[in-house]
Amino acid sequence: MSAVGSLRAVLRLVSVPVAVFLIATFSTYALGALGGANPAATVLGQDATAGQIAQLNHQFGLDNPFLVQYFDWLGHALTGNLGVSYFTSIPVATSIGQAFPVDLSLALLALTFAVVFGGAAGITAALRRGGWFDRAVSAVCSGLATVPPFLVGITLIVLFAVSFRLLPSGGYVPFTQDPGQWLRFALLPSIALSAEGAAAIARQLRTSLVGALQENYVLGAAARGLSVRRTLFRHVLRNAAGPALTVLGVQIPLLIGGAVVAEKMFALPGVAQLALQAGSERDVPVIQGALLVTIGVVLVSNIIVNAVLFRITPQARRGTRSARRRVTLQSVGGAAA
Amino acid sequence: MSARRPGSLRRALRLTSARIALGIILLIVVLAFFGGVLAPQNPLAQNTNVVLQGPSFHHWLGTDYLGRDVLSRLMAGTGRSVAGALEAVGIGLLLGVLPGLASLWLGRTYEWISLRIVDAFMTLPYVVFAVAVTGFFGNSLIAAMTAVGVLISPLYFRVTRAAALGLTRTQYVEAAELFGSSRRRVLRTHLWSKILPTLAVTTAQALASALLIVSSLAFLGLGVEPPLPTWGELLSSDLDYLAQQPWAPLFPGLLIMLIAGALNAFADAIRDTGTAQIVNVDPAEDASSESSEDDETGAEDIGIAPVAQPVLRVEDLRVTVNGGGTEAVHGVSFEVGRGEIVGLVGESGSGKSLTCRAVTGLLAPGCALSSGTVELLGDDDTPPIKLTDIDRTAWNKVRGPRIGIVFQDPASYLNPSIPVGKQLVETIRVHDKTLSRAAAKQRSIDLFTSVGLRDAETVYRQYPHELSGGMAQRVLIAIAISGEPDLLIADEATSALDVLVQAEVLDLLRGLVRDRGLALLLVTHDLAVVAELCDRVLVCDRGRIVEQGPAARVVAAPTRPQTRRLLEAALVWQPGFDGVDTELVGAQP
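So the protein sequences, as listed, match chains A and B.
The opening position of the first sequence corresponds to residue 1 in this note's numbering, with each subsequent residue numbered one higher.
The opening position of the second sequence corresponds to residue 338 in this note's numbering, with each subsequent residue numbered one higher.
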């Protein structure tokens, strides 16, 4: 691959996320402005004088033209300044900085569970296609697609916290403070959070593996005298992992959405609790900060997923993305919950 | 999705699962409209004497923390829960379908921008976005569901776009345009019939998802306007009293699962019955076509001809297909000797490929060796192996070091995402674990050079799709001989190549046999190739070898009608043969 080719490929990888980032942040920021929730109405109350309102609006920069407000906000955001809460006057970045590690550590643990359990289930099901394990995996996966996300969490709480009293039903200890305790508190929410992703990965991996195992190159590998294990892990998985990785990328927003529910259920002090609190108070800067972080996290994970895809499949490097798009579509269809 | 034939819904309803699903859906519809009326008790009536009770005669599903009847609240809550989901899906449908279609026809700039907007929506998690929107606009069911609807629209956008994209590329649209239909007319007649079933499936799935999202949001207190009940709100209050009533969330949870499951099952039924005609890929199709019954002419097998210095000996090989149901190879026996090129010829379906697969232990699932022996005979430094007796692990030491195999459509037999050189290195190092990576690389380049690949260093780094057919076949041959096998099996190895390249590859094979003393079993349907290359030929027909002998004799004076037929097919390939439209004949596989 030539240097120019690489550069163009990298540009393609970068230009889309940048455009998406701008569109997503702009539209969410515009929504915040359209909503009409302003500090004057929420903080000062009904007795405020016109002068007080004007002063407060000026203080929050709300008397500028909208586009100026947006770019001010975005510019500050990129330097780590997300404004201050209408209510507490605590910088939004500080609140999010405290809450974000909770979600990050939880999401990483959940992602690990999803990949390990979903991956193992998908591979085993594909290898024993039509067997009892395959049918069980299919049944569990389609079952999980109909289960409200919080029901898994409730079941886990009932089983492990209420009945057996093995794990706490809620609360949190930071990883940096005590990893052991962190795990005790993070285990149930992570499992609850991972269920949907694990099912999606298992299903997609099974499908693409079953397809890949019928490819000629699998026969070709056998004809070269490669063992089944080597063929599976060095060749088939590499080609079949693409769609599963794409599904993983699609799962990340869902994981964050699920984290909101998990945070509430397990009383975790994460970004979602912050946003939920801010939402009920119509504290616009905090909501926008939480949205920005969410968008950023999703985009960064998508870039990572695409970079991995780019590495493992030469087709992606050539730029024939039709196959990948098709897969994305299926996975979106399957994972709309 | 075959909507051109009407009644995909009716077809779907032939499935029991679809009927059950539809029944559940109808039940929910009834509950949505009349749940409040049908409820046995007032869903809002509190009774502090019966707080948090279990199921009883009076309260079938127990009572909640205010002593309200859970069953009545579930029934009364159906309407709001379903309405919320419908609103979200409706908004998604409205915002998604037309822009999705437009993205295909309004030019590349619009396409790029609309795709980025869709991408942008897809970065937003439903729940987070709904939290934000209710924060911005105030907490109401409408606001929450509008937020969800906006995020469902990318699903419709993509599904519509994909369905239409598939359509614009199908031949009947091209044909319709060719025959003078205007573009708009083509769209009107074909597009909607193609897209509507897709939209039906998507809508069923989206409704299921939306119900789950509505309940998730209600669980968080979004879109909930107490005291009016919804399913999610019921769940949320159950959570607070989990210690007293751990099984309480079960009822609303099960109800949501039931309806979501029914919607998904319904979607599956529509999709499956719609695509059933298309998805008819039977991997054993090729094999089963070989199981045709014997006919009366020339079906008896002829005996084995002794060969000097045999490398491969096949005796009375029988192969069954269709899971043992049908015998497709009826006792084939032959030998291939060192330095000998043997052609195994026959029409497709004659059993030659099955024989070849059985010899290499690569029979497809459903096919099995029912009797007979296959033996690799050794020489001074290699022991004989009875291939019919060995297990899977032992085969890995046979394929490669003892038997090399080359296929038709060579590029497809290589891993598409690994450079071909690396695949050769891998093969070499799997069979010779003492060899260093660098030494294996050097050997690979030497091998590539020896099979006539110019610029072997470049080929080494190339991916299979970057090679021409002839180059890919040379690569496959290099891999096949890398283990220095005694026997090379070429399964239609030159059939897909054009005539000049075919001649070059045949030359290469001839040279390999001469220089390395290989035994070559050439499986082909093309007697011209046999005449060109082979020492001896075995003619296969309906699972038996019906004629064998020196290639020159068989080609010049065939004794069997099957051989004559093959010969006639081969002759039309010769240049200068008159009277046959070569273009038409060339279309045969």
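The reader is advised that the hints may include incorrect statements.
Unchecked claim - Simulated DEER-style distance windows between Cβ atoms:
1) A/P269 / B/A775: 38 to 44 Å
2) B/S477 / A/P269: 49 to 55 Å
3) B/G676 / A/V4: 49 to 55 Å
4) B/H802 / A/S227: 50 to 56 Å
5) B/F394 / A/A139: 33 to 39 Å
6) B/L837 / A/Q214: 30 to 36 Å
7) B/R445 / A/V162: 30 to 36 Å
8) A/S163 / B/S477: 57 to 63 Å
9) B/L533 / A/N64: 47 to 53 Å
In case anyone wonders, no lab produced these hints; they're calculated from the structure.
Virtual Cβ for every residue (Gly too), placed ideally from N, Cα, C.
Outcome of the hint check:
no.: 1; hint: A/P269 / B/A775: 38 to 44 Å; verdict: violated, 55 Å
no.: 2; hint: B/S477 / A/P269: 49 to 55 Å; verdict: violated, 27 Å
no.: 3; hint: B/G676 / A/V4: 49 to 55 Å; verdict: holds, 51 Å
no.: 4; hint: B/H802 / A/S227: 50 to 56 Å; verdict: violated, 26 Å
no.: 5; hint: B/F394 / A/A139: 33 to 39 Å; verdict: holds, 35 Å
no.: 6; hint: B/L837 / A/Q214: 30 to 36 Å; verdict: holds, 32 Å
no.: 7; hint: B/R445 / A/V162: 30 to 36 Å; verdict: violated, 58 Å
no.: 8; hint: A/S163 / B/S477: 57 to 63 Å; verdict: violated, 38 Å
no.: 9; hint: B/L533 / A/N64: 47 to 53 Å; verdict: holds, 48 Å
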